[in-house]
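S.K.: Next come the chains, spelled out residue by residue.
2 protein chains.
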Amino acid sequence: MSSHPNDTDKKWILESLAEAKLAGIDVPIGAVIVHDGKVIARGHNERETTQDPTAHAEIIAIREAAKTFGTWRLKGCTVYTSLEPCPMCAEALIQARVDRVVFGAYDPASGACGTVFNLFVEGRIYPIPQLTCGVLEDECKQIIVDFFRLKPKAIRQ
Amino acid sequence: MSSHPNDTDKKWILESLAEAKLAGIDVPIGAVIVHDGKVIARGHNERETTQDPTAHAEIIAIREAAKTFGTWRLKGCTVYTSLEPCPMCAEALIQARVDRVVFGAYDPASGACGTVFNLFVEGRIYPIPQLTCGVLEDECKQIIVDFFRLKPKAIRQ
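Line by line, the protein sequences are chains L and X.
The opening position of the first sequence corresponds to residue 901 in our numbering, with each subsequent residue numbered one higher.
The opening position of the second sequence corresponds to residue 901 in our numbering, with each subsequent residue numbered one higher.
With the rest of the complex left out, here is chain L (with noise of 0.2 angstroms):
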């Protein structure tokens, strides 16, 4: 289910910009989580920094989200992020149950929110969150592709 980006959500954006901005040798790439008004998690892009696979700004901020709150169930929550989901972070915030995805750039190598794949998809077991889709999508490409232009070799391996 596609929605249109509401007045606080160019603002979460640029939050998730900011902390894509800290990924250093990381693809710049942040999330921030946002429940009751309050940013309550955040991550960016580490896999690099941690040689963990699994550490993209997104699963991050959701593992940091679930301590805080004591559950797997994010439910009231809204998820920022600077790019598409790919397949990986698109279906932890599907069973983490968060209300709202609102994302950035898309992804044309792994997006998984309707670009390469869609999980959002009604029928599953899972209720599907809702989904805002290029919200300062110019921005959030733009520090990608400065990323790779002065970085070539980090391109994805």
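Bear in mind the hints are in silico, worked out from the structure with no lab data behind them.
Heads up, a few of these hints could be off.
[What the hints assert, rightly or not] In silico lysine-lysine, DSS-like type, Cα no more than 30 angstroms apart, as pairs:
{"hint": "1", "chain 1": "X", "residue 1": "K921", "chain 2": "X", "residue 2": "K938"}
{"hint": "2", "chain 1": "X", "residue 1": "K1051", "chain 2": "X", "residue 2": "K938"}
{"hint": "3", "chain 1": "L", "residue 1": "K921", "chain 2": "X", "residue 2": "K967"}
{"hint": "4", "chain 1": "X", "residue 1": "K911", "chain 2": "X", "residue 2": "K967"}
{"hint": "5", "chain 1": "L", "residue 1": "K967", "chain 2": "X", "residue 2": "K921"}
{"hint": "6", "chain 1": "X", "residue 1": "K1051", "chain 2": "L", "residue 2": "K967"}
{"hint": "7", "chain 1": "L", "residue 1": "K911", "chain 2": "L", "residue 2": "K938"}
{"hint": "8", "chain 1": "L", "residue 1": "K975", "chain 2": "X", "residue 2": "K1051"}
{"hint": "9", "chain 1": "X", "residue 1": "K921", "chain 2": "L", "residue 2": "K1051"}
{"hint": "10", "chain 1": "L", "residue 1": "K921", "chain 2": "L", "residue 2": "K1051"}
{"hint": "11", "chain 1": "X", "residue 1": "K921", "chain 2": "X", "residue 2": "K911"}
{"hint": "12", "chain 1": "X", "residue 1": "K911", "chain 2": "X", "residue 2": "K1051"}
{"hint": "13", "chain 1": "X", "residue 1": "K975", "chain 2": "L", "residue 2": "K1051"}
{"hint": "14", "chain 1": "X", "residue 1": "K967", "chain 2": "L", "residue 2": "K967"}
{"hint": "15", "chain 1": "X", "residue 1": "K911", "chain 2": "X", "residue 2": "K975"}
[Stated by the list, open to error] Derived contacts from chain L toward chain X, CB cut-off under 8 angstroms, selection only:
{"hint": "16", "residue": "R947"}
{"hint": "17", "residue": "I959"}
{"hint": "18", "residue": "R963"}
{"hint": "19", "residue": "A990"}
{"hint": "20", "residue": "E991"}
{"hint": "21", "residue": "T1015"}
{"hint": "22", "residue": "L1019"}
{"hint": "23", "residue": "I1025"}
{"hint": "24", "residue": "P1027"}
[Said to hold, decoys possible] From the derived model, a few chain L residues whose C-beta atoms are all more than 12 angstroms from chain X:
{"hint": "25", "residue": "S903"}
{"hint": "26", "residue": "K911"}
{"hint": "27", "residue": "G924"}
{"hint": "28", "residue": "D936"}
{"hint": "29", "residue": "G937"}
{"hint": "30", "residue": "V939"}
{"hint": "31", "residue": "E948"}
{"hint": "32", "residue": "Q951"}
{"hint": "33", "residue": "G976"}
{"hint": "34", "residue": "Q1030"}
{"hint": "35", "residue": "L1036"}
{"hint": "36", "residue": "K1041"}
{"hint": "37", "residue": "Q1042"}
{"hint": "38", "residue": "F1047"}
Predicted model only: the values in this text are computed from it and were never measured.
Here a beta-carbon is modelled for each residue, glycine too, at the ideal position from N, C-alpha and C.
For chain L, the structure is supplied; the task is to place chain X on it using the hints.
M.R.: Coordinates of chain X only, in the frame set by chain L:
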């Protein structure tokens, strides 16, 4: 790319089943990662126990293997899991560059190796692991059926 089981696949699927039986209050799903003929990481579903929505058997095993090797690239590894991986786990295995994925029971709810979704498609930016499906399918299915029969309250919500 789907392939037939080899001589040792049943042995390692039995090992993943033994791991599944350690899941306690969680749905019994287990995984082991084999490298050079030895188990180098293992995991069982711990979502309820830890209240971490990402704590599926395969994710736990992948993170342990990466820690052991000191790299997120798990080349040369085969992952044996008692249930067809969901999209979160399947994508984690693909992005971690494992050589092979072997699973037991098919998952009609969330299987991402062809049953509900198929992430193992050629033409992506990642090399696609070899896939072997349905090894000791009946045994792997039975422990999950028994779990839900004996613990109806544990049904996914």
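S.K.: Run every hint past the structure and note whether it holds.
M.R.: Consistency of the hints with the structure:
no., hint, result
1, K921/X - K938/X, "20 angstroms, holds"
2, K1051/X - K938/X, "34 angstroms, violated"
3, K921/L - K967/X, "25 angstroms, holds"
4, K911/X - K967/X, "25 angstroms, holds"
5, K967/L - K921/X, "25 angstroms, holds"
6, K1051/X - K967/L, "26 angstroms, holds"
7, K911/L - K938/L, "12 angstroms, holds"
8, K975/L - K1051/X, "24 angstroms, holds"
9, K921/X - K1051/L, "46 angstroms, violated"
10, K921/L - K1051/L, "14 angstroms, holds"
11, K921/X - K911/X, "16 angstroms, holds"
12, K911/X - K1051/X, "28 angstroms, holds"
13, K975/X - K1051/L, "24 angstroms, holds"
14, K967/X - K967/L, "22 angstroms, holds"
15, K911/X - K975/X, "21 angstroms, holds"
16, R947, "6 angstroms, holds"
17, I959, "6 angstroms, holds"
18, R963, "6 angstroms, holds"
19, A990, "7 angstroms, holds"
20, E991, "4 angstroms, holds"
21, T1015, "12 angstroms, violated"
22, L1019, "6 angstroms, holds"
23, I1025, "5 angstroms, holds"
24, P1027, "10 angstroms, violated"
25, S903, "22 angstroms, holds"
26, K911, "26 angstroms, holds"
27, G924, "15 angstroms, holds"
28, D936, "19 angstroms, holds"
29, G937, "22 angstroms, holds"
30, V939, "18 angstroms, holds"
31, E948, "8 angstroms, violated"
32, Q951, "5 angstroms, violated"
33, G976, "14 angstroms, holds"
34, Q1030, "18 angstroms, holds"
35, L1036, "24 angstroms, holds"
36, K1041, "17 angstroms, holds"
37, Q1042, "20 angstroms, holds"
38, F1047, "16 angstroms, holds"
This entry does not satisfy hints 2, 9, 21, 24, 31, 32, going by the numbered hints stated previously.
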